[in-house]
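With the hints as extra help, turn the sequences into a complete structure.
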Amino acid sequence: MKVLVIIPAFNEELNIVNTVEKIKNISNKIDENLNYVVINDGSTDKTKNICETNKYNVINLITNLGIGGAVQTGFKYALENDYDVAIQFDGDGQHDENYIEKLIEEIKKGNDFVVGSRFIKNLSGFKSTKFRRIGIKFLSSLIKICTGTKIYDPTSGFRAANKEIISLFADKYPTEYPEPETIVNLIRKQYKVKEIPVEMHERKYGKSSIKPLKSMYYMFSVSISIIISSICKRGGNNA
Amino acid sequence: MPNLLKLFLLILILLQLILIVRTIKLRKLSIRYGSFWILLLLLMIIPVIFPGIFEIISNFFKFEATSNMVFIIGFFFLFSLNFILITSISIQNEKIKLLIQEVSILKERIDKNGKEN
Chain A
1045 MKVLVIIPAF NEELNIVNTV EKIKNISNKI DENLNYVVIN DGSTDKTKNI
1095 CETNKYNVIN LITNLGIGGA VQTGFKYALE NDYDVAIQFD GDGQHDENYI
1145 EKLIEEIKKG NDFVVGSRFI KNLSGFKSTK FRRIGIKFLS SLIKICTGTK
1195 IYDPTSGFRA ANKEIISLFA DKYPTEYPEP ETIVNLIRKQ YKVKEIPVEM
1245 HERKYGKSSI KPLKSMYYMF SVSISIIISS ICKRGGNNA
Chain B
31 MPNLLKLFLL ILILLQLILI VRTIKLRKLS IRYGSFWILL LLLMIIPVIF
81 PGIFEIISNF FKFEATSNMV FIIGFFFLFS LNFILITSIS IQNEKIKLLI
131 QEVSILKERI DKNGKEN
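Each protein sequence line maps, in turn, to chains A and B.
Remember, our numbering sits 1044 above the position in the first sequence when you count from 1.
Remember, our numbering sits 30 above the position in the second sequence when you count from 1.
Rather than coming from a laboratory, the hints here were simulated on the basis of the structure.
Positions of the beta carbon are idealized from the N, C-alpha and C atoms, including for glycine.
The reader is advised that the hints may include incorrect statements.
As the list claims (entries may be wrong) - Which chain A residues face chain B? A few, computed with CB under 8 Å, are given here:
| hint | residue |
| --- | --- |
| 1 | ILE1106 |
| 2 | GLU1220 |
| 3 | TYR1221 |
| 4 | PHE1264 |
Stated by the list, open to error - Label pairs and their computed distance ranges (CB to CB):
| hint | chain 1 | residue 1 | chain 2 | residue 2 | range |
| --- | --- | --- | --- | --- | --- |
| 5 | B | LEU45 | A | HIS1245 | 31 to 37 Å |
| 6 | B | GLN46 | A | LYS1152 | 45 to 51 Å |
| 7 | A | HIS1245 | B | PHE91 | 50 to 56 Å |
| 8 | A | ILE1189 | B | GLU85 | 35 to 41 Å |
| 9 | A | SER1259 | B | GLU85 | 32 to 38 Å |
| 10 | A | ASN1093 | B | ILE126 | 21 to 27 Å |
| 11 | B | ALA95 | A | LYS1216 | 46 to 52 Å |
| 12 | A | GLU1149 | B | GLY104 | 53 to 59 Å |
| 13 | A | HIS1245 | B | LYS36 | 51 to 57 Å |
| 14 | B | LYS142 | A | GLU1149 | 44 to 50 Å |
| 15 | A | LYS1152 | B | LEU111 | 47 to 53 Å |
| 16 | A | ASN1098 | B | PHE106 | 49 to 55 Å |
Given below as structure tokens:
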């Protein structure tokens, strides 16, 4: 199977080398035909230079699109190059590359979409701050109410998609707060969404893109987006 | 406030909410701006149901009439909304300019290569 790891990166000059090298190492270890692409989302730091001097496979967006637009670029790339599986993997070093194989396995078992979740089993590792955990729990219950399916970590950015979902996402992908909304849409369209436990690490350098001041508005907006996409007509054409 | 007027205002808010949700669903309005309007409409329900709140606040700040305070709130709200809109237009202009430049340079390069071959 042809597998593409999509690494969105915005101002990750301190983390990007580490992340890409981890992916390169793991691709030698496992059987799959594993490639990666870094989507440099118009970084204003040295991310672009670092990727070019290291001869990484990188797409430089000429201006900042936001996480949704950057990840969608990756899905478009996956579609064009005929990949079977696309895996989202954050450029900040939070995700553990050793779980990539497990995500691929679940796709092979016939799942359409696999989410790497921090909260299913009590694996060790970083579980985010207390405040954010409460927020994630709230979103998780909201999704349960709206769709009837429990997703423990709806904001996880560590996810794998099969070929059908790749072409769906390449066509339409939300620009803002994409993670929870896409999960709701896939469940509503009756795709097989599976969650598996993964470990995550605290980011080594730099700040998360979600600022505390804006997080209340973030919570409200994400809730609205979950509610609205769950009341869409079934078979609607929104991804 | 008469109950009939309350009902009328509530229906108006409800219709607005439906309009916004529909527009978001059709992807003609992004969630970020859409949820701003939804939040505002939800907040508007409070003074419709309890109009006394505005009177208490306006008495506290010594407005001559409650309607004056409502107008000033509306004025500042529209002012800041306009400001947000103008900034987002400016950002978009900048991005479009960048796109046109990059695409033009690319096109020029492709055209040149085509002629050489």
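Verification of the supplied hints:
At its closest, the beta carbon of ILE1106(A) sits 5 Å from a beta carbon of chain B; the interface hint therefore holds under the 8 Å criterion. Annotation: GLU1220(A) was flagged as interfacial toward chain B, and the flag holds, the nearest CB pair being 5 Å apart, inside 8 Å. The beta carbon of TYR1221(A) comes within 6 Å of a beta carbon in chain B, closer than 8 Å, and the hint placing it at the interface holds. The criterion of a C-beta within 8 Å of any C-beta in chain B is met by PHE1264(A), whose closest approach is roughly 6 Å, and the hint holds.
LEU45(B) and HIS1245(A) have their C-beta atoms about 49 Å apart, which leaves the hinted 31 to 37 Å range violated. Between GLN46(B) and LYS1152(A) the C-beta distance comes to about 48 Å, which sits within the given range of 45 to 51 Å. Our hint of 50 to 56 Å for HIS1245(A) and PHE91(B) holds, since their Cβ atoms are close to 51 Å apart. Checked against the hint of 35 to 41 Å, the C-beta distance between ILE1189(A) and GLU85(B) comes to roughly 38 Å, which is consistent with it.
For the pair SER1259(A) and GLU85(B), the supplied restraint of 32 to 38 Å holds, since their beta-carbon distance comes to about 34 Å. Between ASN1093(A) and ILE126(B), the C-beta spacing of about 26 Å keeps the proposed range 21 to 27 Å intact. Take ALA95(B) and LYS1216(A): their Cβ atoms lie about 50 Å apart, and the range 46 to 52 Å holds. For the hinted restraint 53 to 59 Å between GLU1149(A) and GLY104(B), the CB-CB distance of approximately 58 Å keeps it satisfied.
Here the CB-CB span from HIS1245(A) to LYS36(B) is close to 54 Å, well matched to the stated 51 to 57 Å. A hinted range of 44 to 50 Å holds for the C-beta pair LYS142(B) and GLU1149(A), which are about 48 Å apart. The supplied range of 47 to 53 Å is met by LYS1152(A) and LEU111(B), whose beta-carbon atoms lie about 51 Å from each other. Distance hint check for ASN1098(A) and PHE106(B): the Cβ-Cβ separation is about 51 Å, which falls inside the suggested range of 49 to 55 Å.
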